[in-house]
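Asker: Read off the chains here:
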Amino acid sequence: MRGLALPVAAGALVALLAVAAVQLLGPIAPLSHAEQAAAIAAELRCPDCQGLSVAESRTAAADAIRSEIDAQLAAGRSADEVRQHFVDRYGEWILLTPDEPLPWVLPGAALVGGLAGLAAWLLRGRTRPAPAPAPVPAGEAERRRIRDEVESLDA
Amino acid sequence: MTRSRLRWLLVPLLILPLSWLLFTGLGRDPADIPSPLVGRQMPAFTATTVDGTDLDSATLAGQPIVVNFWASWCRPCIAEHAVLSAAADDGVRLVGIVYQDSVEGARAFRQRYGGDWPDALDPTGAIAVDFGVTGPPETFFVDGQGIVRARHIGPLTPEAMAGLLAEIGVDR
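Those protein sequence lines, which keep their order, are chains A and B. Per our numbering, the first sequence starts with residue 1, numbered consecutively. Per our numbering, the second sequence starts with residue 1001, numbered consecutively.
Just so you know, the hints here were simulated from the structure itself, not pulled from any lab data. Glycine included, each C-beta is placed from N, C-alpha and C at the ideal position. Take the hints with a grain of salt, since some may be wrong.
[Claimed, not checked] The following label-pair restraints were derived from C-beta to C-beta distances:
#, chain 1, residue 1, chain 2, residue 2, range
1, B, GLY1163, A, GLN50, 49 to 55 Å
2, B, ASP1054, A, SER67, 18 to 24 Å
3, B, VAL1011, A, ASP148, 51 to 57 Å
Chain A on its own, in the form it takes in the complex (with noise of 0.2 Å):
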């Protein structure tokens, strides 16, 4: 049985890795209409509401949204046309995850930064002071002018 244990667990981690690729790269069913039209509510920030998304919202404006996102798909849009579509009118502002860099990059190089300097402020500890320098031996002249001293002590 011992013998059999190898070509198993071999034969597992292949089929494991099989499963998982077919499922990262075979073919992704192609969103229907009403959940990319779900998707893009979910990205643009509701116009009259303070911190919702077009999706989570029922007001008129969120409706008239929605159903504009309806039509620009029915017309072949494609998801990035419609959400350019209300960035054109709305600006930025619309939507919910921001399209510029920085306030993706900031956040990851405050943590850097701050974790460069903690290491760095840690590290400074850890270094030993420079050794103190050797005793240099008392020579003839130093060691007479020592005993001539301690003797004019003792007088």
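Given chain A, put chain B in place with the hints provided.
Answerer: What follows is chain B alone, placed relative to chain A:
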């Protein structure tokens, strides 16, 4: 420069830009959202007015015009209506677009507060979406070439009205 002096230099280097960022942020008006329409052709629309006539935006071309989005349920619109009426009396061309409101509501408002400029109905909200309106009152100032020159969010004061009319070449 010694290490400790370098450390003290870090304080102004970090604190000054941060304070500047916070102070300028405090002074900013979160309602002041730049409109991408400014500098571009006014969106075209056709609509039925409160009085039941047809209105085609193409017929508005050729002269400066003020496009005002309003609603009868919008309280700041009442105060603003006086400013619009004064401008209309001075010969400024206006067109109102009724935002998320019923015909009856809009008609009652006009009967109560007056005004004889056309008011287009926008039952689906499609015109408001085309103009990128965030909520009433909101006003667009369009020049004689049909180019949007300014967008004003919130009720117009007489001073704001005068300044914005000057931008589309209307001198009262």
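Asker: Tell me the numbers of any earlier hints that the structure contravenes, in ascending order.
Answerer: Hint 1 contradicted; others consistent.
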